[in-house]
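Under our numbering, the residue at position 523 of the sequence shown is numbered 523, and the numbers go up by one with no gaps.
By construction, these hints were calculated from the structure, which means they are not laboratory data.
Any given hint could turn out to be false.
Capping the alpha-carbon separation at 25 Å, the derived lysine-lysine pairs in BS3-like fashion look like this [claimed, not checked]:
1. 187 - 162
2. 378 - 315
3. 540 - 561
4. 275 - 205
5. 275 - 359
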Amino acid sequence: MDKLKSMDPKKLGIVAAAITVVLGAIVFFSVTADIKELAIVLVIVQAVWVFFIVAVIMGSGSDKKKSDKYRKLFMNLPIGFAQAEIINDGAGEAKGYKVVDANNTFGEYFNLDREEYIGRVLGESRVEVLQDINAWFKAYNTSGTQEGDLMEVEITMEKLDKVFNTVMYKSESDHINMVVIDVTQQKETEQKLSKAIEDSNAAYKTQAEFLANMSHEIRTPINGILGMVQLTLMADDLQADYRDNLITAKNCADNLLRLINDILDISKLEAGKYKIKEENTDIKSAIEETVAAHVPQATNKGIGLDLSFGNNIPKMVRADGQRIQQVLNCLLSNAVKFTSDGGVRVKIAAIDDKEDMIKLRIAVADTGIGISDANMSKLFIRFSQVDSSDTRKYGGSGLGLVISKQIIELMNGTISVQSKEGIGSTFIAEIPLKIVKAADVPVTDDDEDKDPAVYSINNSNGKNARILVAEDEPVNQQVIGKLLGMAGFSYDIAENGEKAVELYKEKTYDAALFDVQMPVMDGIAATQEIRKIEHDKHKKHLPIIAVTARAMFGDKERIMKNQLDDYIAKPYNLNTVVDTLNKYIEQNDK
1 MDKLKSMDPK KLGIVAAAIT VVLGAIVFFS VTADIKELAI VLVIVQAVWV FFIVAVIMGS
61 GSDKKKSDKY RKLFMNLPIG FAQAEIINDG AGEAKGYKVV DANNTFGEYF NLDREEYIGR
121 VLGESRVEVL QDINAWFKAY NTSGTQEGDL MEVEITMEKL DKVFNTVMYK SESDHINMVV
181 IDVTQQKETE QKLSKAIEDS NAAYKTQAEF LANMSHEIRT PINGILGMVQ LTLMADDLQA
241 DYRDNLITAK NCADNLLRLI NDILDISKLE AGKYKIKEEN TDIKSAIEET VAAHVPQATN
301 KGIGLDLSFG NNIPKMVRAD GQRIQQVLNC LLSNAVKFTS DGGVRVKIAA IDDKEDMIKL
361 RIAVADTGIG ISDANMSKLF IRFSQVDSSD TRKYGGSGLG LVISKQIIEL MNGTISVQSK
421 EGIGSTFIAE IPLKIVKAAD VPVTDDDEDK DPAVYSINNS NGKNARILVA EDEPVNQQVI
481 GKLLGMAGFS YDIAENGEKA VELYKEKTYD AALFDVQMPV MDGIAATQEI RKIEHDKHKK
541 HLPIIAVTAR AMFGDKERIM KNQLDDYIAK PYNLNTVVDT LNKYIEQNDK
């Protein structure tokens, strides 16, 4: 302390400020975001203490009482401080370090009594901790530092089971000062947080893998069901009651697929991979189409389903029409499901309309069972249902409203609900949309057939192309075989990638359809093997299309990186397969 008193005041102030800055950096950058506010407070406290000491040393020499008062403050600083004198031999080489002053916290940090180190040469002590501290002073002094240079080091003392952040500096050429902060608790917190993050990531990875496997395992048989149903519905001589039965079976499979897609949507939303695709949309037609799809169910229940539009609804807007339809479909499904008497009303309005923007307001009101105040909080929580008992009357996964809310929020919109138990509910979604002027709308062919329920195969290229198929599941082999045969293609089917490569070596093909997950050799490995053969033997490029039940977010991108040409997710629409094949066959013919 006497040495500090003798220092030039300006120089001492600079040293104190430098210590404060370094301590602040140590604390701030070594903590997590959750405790940075606390770190900032600690730095401020440290700064106050350091500048207190500077003020005392600079101005209290003539006042014994003040000196004692501030000496007491120094001794009880919440950080450790020690000053060591460099002991030189006759040749001017350092031979030891004697502690000339230290505060109480310094001794407490290292479980030392003052008598063990004050006025003593550290290297001569038999106390192991003091030997370590001596090594710290020696390391700083022999590191080439000059007077005023700061050195910050994090030190772990296993024998004390503690971690310290230290700052060392020379206040004079023959004195070294050490500031010490015990960061053991902070490090333990960091380790716990790091472990929690690792556990969370592992849990998320496990969940993602489970969803991916379940999606694959469920999509594969659904593809067989829907494929066979679609193929059968193409028969011209199918009896009307058989056709109705098959359409019912197809609708059930579609509902199951919708549930799977909901689960995938949740995983995409949680991972931030869900994308909103804005394009020119005939919003009125999109809404009319969605409502019309629910008319049969409402009619079967004997309830009404009405749709009305405000006068200022624009024809075309920039929007993700499919996502808006998805939200409306969810609201309508719930409204029809929970309504037994009365009906459902859909009201569409454009509010807050400006020159080129509107806020589309979709209100779906029903006279159903309603929702109690106690259950309102369950509406937008995933897998949560108002009635989760074993005797519940209404089914559902509890995902639809959660997904709808997040989709609407991605479109910068809002969703709210008004409900009275026993009277009914009204769900209101408001979505800001940009109006598309008529002059900006490209001319399209209104007669283009967009109805996926038309069960026919259109092979427009007129060529009896040969297709190589790799598919391990027997039912899906039948589906794809019958489809290709009906479309006029020749084909060979291999039950794994290895046999597909052997067939490729023996015959010439115009395109290939490869499942990704197969035994022996998967579709990706088979593709890479074929690409290698193409390169080595200068063969023509074979268009290879992945046809897979791997449909989680990122799967398409991951698969396409492996030299495949296109991707079709199972279950697929039969015409999608034929149209995709035709596209690549025609390209190869050019």
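Hint check results:
no.: 1; hint: 187 - 162; verdict: holds, 9 Å
no.: 2; hint: 378 - 315; verdict: violated, 36 Å
no.: 3; hint: 540 - 561; verdict: holds, 20 Å
no.: 4; hint: 275 - 205; verdict: holds, 21 Å
no.: 5; hint: 275 - 359; verdict: holds, 21 Å
Of the numbered hints listed earlier, the single one contradicted by the structure is hint 2.
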